[in-house]
Amino acid sequence: MIRIKYKLIIKKIIATALLCTFALSQNVFASSLTSLYDLTEVTKLSSGVTHESIKKLTTNGWMNINVVRADLTDENTKTGPLYNTNGTSIKAPLSSIMSNLNAIAGINGDFFIMDNITQSYGPIINNGEIISSPYPSSEKYPTLSFFKDGTIDVSVWNPTVYVKNSEGKAIYTPLINKGASIKYNAVLLNEYYGAKTPGNTIKNIVEVVIKDNKVIDIRENLPPTTIPKGGYVISCASNQKDLIKNTFKVGEQVELTFSFDFDLNKMNWAVGGVNYLVKDGKLNDIHNGVLGSHPRTAVGFNKDNTEIMFVTIDGRNKNYIGITQTELASIMVSLGAYNVINLDGGGSTTMGIDFLKNGNIEVVNFPSDGRERSIASGLGIFSIAPNDNITASIELVLEHDKIFNNTEVSLDLKAFNKYYSEVSLENQKVEYSVDSSQGKIVDNKFIPSNPGVATITARVGDLVSTAEINVLDKPVTLSFEDNSIMLNSGETYLLNNILGVDKDGNSAYISPNSIDFYIRNAVGKIENGVFTANDTTNTGAITAICGDAISNIIVKVGYKANTIFSFENTNDLTFSTYPIKSNGGIEASSHFYKEMYGSVKLSYDFTNMTDQSIAFVNFDNNSDGLVIKDKPLALGMWVYGDNSKHWLRTRVQDSKGNTHKIDFAEEIDWEGWKYVTAKLPADISYPVTVKNVYIAEINETRKDCGEIYIDSLRALYKPNDKNLKLRKESVFTDKFNVDSMKSYEQKLTIKNGAITLENVDNLTIENPIYLNVDITNGTIGYKNVSLWDSLKSLSNYNGKNIVLSLNKNINSIVDIRERTAINNIIEETSINNKVFIVWKDSNEHSIINSGIRYIQYDDTFELYLTSDETYYKN
1 MIRIKYKLII KKIIATALLC TFALSQNVFA SSLTSLYDLT EVTKLSSGVT
51 HESIKKLTTN GWMNINVVRA DLTDENTKTG PLYNTNGTSI KAPLSSIMSN
101 LNAIAGINGD FFIMDNITQS YGPIINNGEI ISSPYPSSEK YPTLSFFKDG
151 TIDVSVWNPT VYVKNSEGKA IYTPLINKGA SIKYNAVLLN EYYGAKTPGN
201 TIKNIVEVVI KDNKVIDIRE NLPPTTIPKG GYVISCASNQ KDLIKNTFKV
251 GEQVELTFSF DFDLNKMNWA VGGVNYLVKD GKLNDIHNGV LGSHPRTAVG
301 FNKDNTEIMF VTIDGRNKNY IGITQTELAS IMVSLGAYNV INLDGGGSTT
351 MGIDFLKNGN IEVVNFPSDG RERSIASGLG IFSIAPNDNI TASIELVLEH
401 DKIFNNTEVS LDLKAFNKYY SEVSLENQKV EYSVDSSQGK IVDNKFIPSN
451 PGVATITARV GDLVSTAEIN VLDKPVTLSF EDNSIMLNSG ETYLLNNILG
501 VDKDGNSAYI SPNSIDFYIR NAVGKIENGV FTANDTTNTG AITAICGDAI
551 SNIIVKVGYK ANTIFSFENT NDLTFSTYPI KSNGGIEASS HFYKEMYGSV
601 KLSYDFTNMT DQSIAFVNFD NNSDGLVIKD KPLALGMWVY GDNSKHWLRT
651 RVQDSKGNTH KIDFAEEIDW EGWKYVTAKL PADISYPVTV KNVYIAEINE
701 TRKDCGEIYI DSLRALYKPN DKNLKLRKES VFTDKFNVDS MKSYEQKLTI
751 KNGAITLENV DNLTIENPIY LNVDITNGTI GYKNVSLWDS LKSLSNYNGK
801 NIVLSLNKNI NSIVDIRERT AINNIIEETS INNKVFIVWK DSNEHSIINS
851 GIRYIQYDDT FELYLTSDET YYKN
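Numbering (the numbering used here), first residue to last: 1 to 874.
Derived by calculation from the structure, the hints in this document are not laboratory data.
Where hints are given, some of them may not hold.
[To be verified] Using 27 Å as the maximum straight-line C-alpha spacing, the simulated DSS-like pairs for lysine-lysine come out as follows:
{"no.": "1", "residue 1": "Lys-183", "residue 2": "Lys-196"}
{"no.": "2", "residue 1": "Lys-525", "residue 2": "Lys-445"}
{"no.": "3", "residue 1": "Lys-318", "residue 2": "Lys-44"}
{"no.": "4", "residue 1": "Lys-631", "residue 2": "Lys-645"}
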């Protein structure tokens with residue numbers, strides 16, 4: 001059972017709460033969105049840096065917002081540009097760039113050229129070093145500059161760069177390390193560009209090699225040459241190339257002069273942007289080239305420039321809606337930004353965090369391409385605190401705040417130095433203690449021996465940290481996340497989030513190590529809380545016992561399979577690619593096959609990849625694809641892999657016309673034949689149509705060509721049920737659940753969705769508070785602002801009976817985020833109120849979770865109020 005908390009109102013609530021809108025006036029920002037609820041987690045990364053994960057529900061849907069804040073007054077925190085240390089001409093994923101430069105947080109930068117030779121549109125300046133220059137001012141892309149005195153500037157730069165020969169004749173070289181522009185301009189390349197020049201990989205190129213202000217070589221249409229350390233190369237393939245070739249002579253002295261808009265020696269760093277979105281707290285500039293709702297990346301400063309904010313907002317997928325520039329401006333200001341520059345968005349939007357400061361970068365957002373896109377630049381935050389391994393503080397964290405008697409909970413002790421960097425406890429003596437009457441500690445786990453409140457103490461030298469935990473009596477019922485599971489042979493299932501309830505209705509999570517498991521029909525085995533399915537197709541069950549609680553999980557291993565395409569030939573198949581002019585193809589093969597007499601060879605060529613490369617095998621039977629009968633749970637297919645690490649996927653269209661991209665394998669990491677499956681989304685609308693299967697790549701380091709073989713595409717269905725004769729499951733009995741009640745002061749009745757109230761002898765007991773909620777379509781809806789305001793206002797009550805009347809089981813809410821938001825609202829309400837969540841179904845059922853009653857009734861629900869207690873009948 002999903003753990004959910006609900007609040008209820010029994011008098012109809014008139015929505016008088018103010019709408020929770022973004023901080024800025026919609027008259028100024030013209031934002032159509034209203035914020036309904038935020039799910040926020042905050043993590044401290046270092047002494048001056050924090051990360052915020054915000055799931056924001058709005059009237060248009062969910063947003064995934066990641067925010068990193070850096071205190072610019074913290075002496076151990078530094079900010080600066082991110083670029084590929086192997087050369088600015090080479091794209092790389094943000095995580096790789098961050099790891100090489102030791103950044104603890106980072107975001108992608110501005111627009112960039114997506115060709116084989118890449119470049120950012122804007123400059124990259126770091127500590128006065130010119131790593132890359134901006135585009136000419138005519139392009140009107142702004143540069144964000146952060147100066148050593150703590151001030152910032154956002155403006156369009158117009159630098160000038162000249163190289164003079166020994167006679168004083170100057171050649172204008174407007175761009176530095178912009179290799180993709182060599183066809184159109186004279187470009188100066190230094191060691192930041194990469195080890196070598198492009199040479200004759202660009203047609204009709206002239207390159208003047210300069211070291212120690214002296215021309216050492218003039219090259220025309222020759223292979224790439226090494227860029228001298230401390231020197232530079234003028235490269236040109238435009239109509240200026242002859243002028244450049246004739247202006248310089250080998251051996252002559254030259255002079256490089258440049259003028260930028262600011263004194264670079266006074267600058268910490270500068271990077272390019274797309275548009276100056278917010279200026280001095282007000283909407284400033286909207287970029288016409290990136291209109292609409294998309295993933296976004298932005299950087300902002302607060303009013304006094306003491307804090308910098310990195311922000312990413314995801315989009316272009318079914319889970320997150322994206323955002324317009326105006327909406328981004330509103331959110332940035334609501335987060336505290338006073339000046340904001342918009343960066344590259346879409347598939348480039350990426351944020352990385354090094355939580356452990358060990359070079360292992362975690363991408364915390366959801367890139368719209370499904371993986372990180374290789375980019376040209378970014379902006380990073382660095383911790384420059386000394387490498388101090390001395391423990392300054394410890395923090396004892398318990399896995400849960402409640403536990404059942406005679407079960408276990410893991411103890412997690414973290415140690416930090418004075419700069420809030422985590423340090424190892426490996427060579428330090430850790431001592432745990434607890435009163436012997438409360439329980440014992442074994443292998444960093446607390447095992448209680450009596451109900452009540454237990455206090456656990458951790459010591460490292462003179463440092464102490466304590467944590468309290470509430471110990472409940474033995475459970476009388478158990479519930480799992482799934483009542484039944486469907487697995488492939490050898491597939492695993494994690495038995496976690498196991499919820500127990502004691503006789504008084506108090507609930508807590510239970511470690512699988514504290515539960516006795518029994519397997520019916522030998523469908524698999526359980527080790528360390530992980531169930532592994534056996535190789536034989538079968539139907540069985542897992543029976544779990546803890547205390548007085550018994551619960552069963554039905555287990556089905558293997559699918560009923562129906563071959564929908566045999567791949568014996570290429571009839572009804574076509575081949576296509578992205579980009580369109582890529583090489584590759586399909587052909588029937590009688591040499592490699594797994595079943596029957598043949599397979600289809602899929603050849604691909606990703607050597608010319610820019611942003612991504614895809615090779616499709618399309619099912620073009622009547623141009624409709626493969627229509628699958630009934631309701632398959634998954635697709636299965638034999639694949640002869642080439643260990644290429646490419647992505648193997650399929651596109652499936654549902655009955656509503658929605659296209660779903662589903663993985664067969666995130667990486668083809670095998671050679672030879674392997675059976676792979678792609679599970680269809682649980683909420684997909686049937687019937688479904690398979691449009692194609694394809695191999696894809698977006699990682700620039702995997703530009704190659706190769707071939708795989710595919711055979712026997714199958715639709716996979718749920719196997720038949722069996723009569724397993726399982727042990728009867730335990731049932732929770734609520735002492736406040738009565739068959740009937742004749743003596744009461746007030747009664748609330750719900751029948752067929754209608755609510756009536758009955759008072760006895762005109763007593764003055766205040767009516768319960770109730771609220772009707774419709775979840776017919778698997779959601780309570782995003783457009784009903786007054787309903788969300790009514791739900792949130794429930795926590796303002798104190799000492800009330802609150803009833804939430806639903807038309808379906810609360811678990812019918814499909815989106816886990818929405819369930820979590822509602823759960824949080826209900827839990828907060830239940831602190832000072834009695835909460836009842838009720839709905840009608842074919843039978844009676846009730847359970848208590850964290851003091852909240854979830855009640856299913858078959859005909860009528862009745863709530864009885866007396867001067868002392870509240871009872872109910874379902």
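Status of the hints after comparison with the structure:
Distance hint between Lys-183 and Lys-196 is fulfilled; the C-alpha atoms sit about 17 Å from each other, no more than 27 Å. Taking the CA atoms of Lys-525 and Lys-445, the gap is about 24 Å. The hint holds against a cut of 27 Å. Under the criterion of a C-alpha separation no larger than 27 Å, the hint pairing Lys-318 with Lys-44 is inconsistent with the structure, at around 30 Å. Proposed proximity of Lys-631 and Lys-645 is contradicted: the alpha carbons are some 31 Å apart, above 27 Å.
The structure fails to meet hints 3, 4 from the earlier list, while all remaining hints are met.
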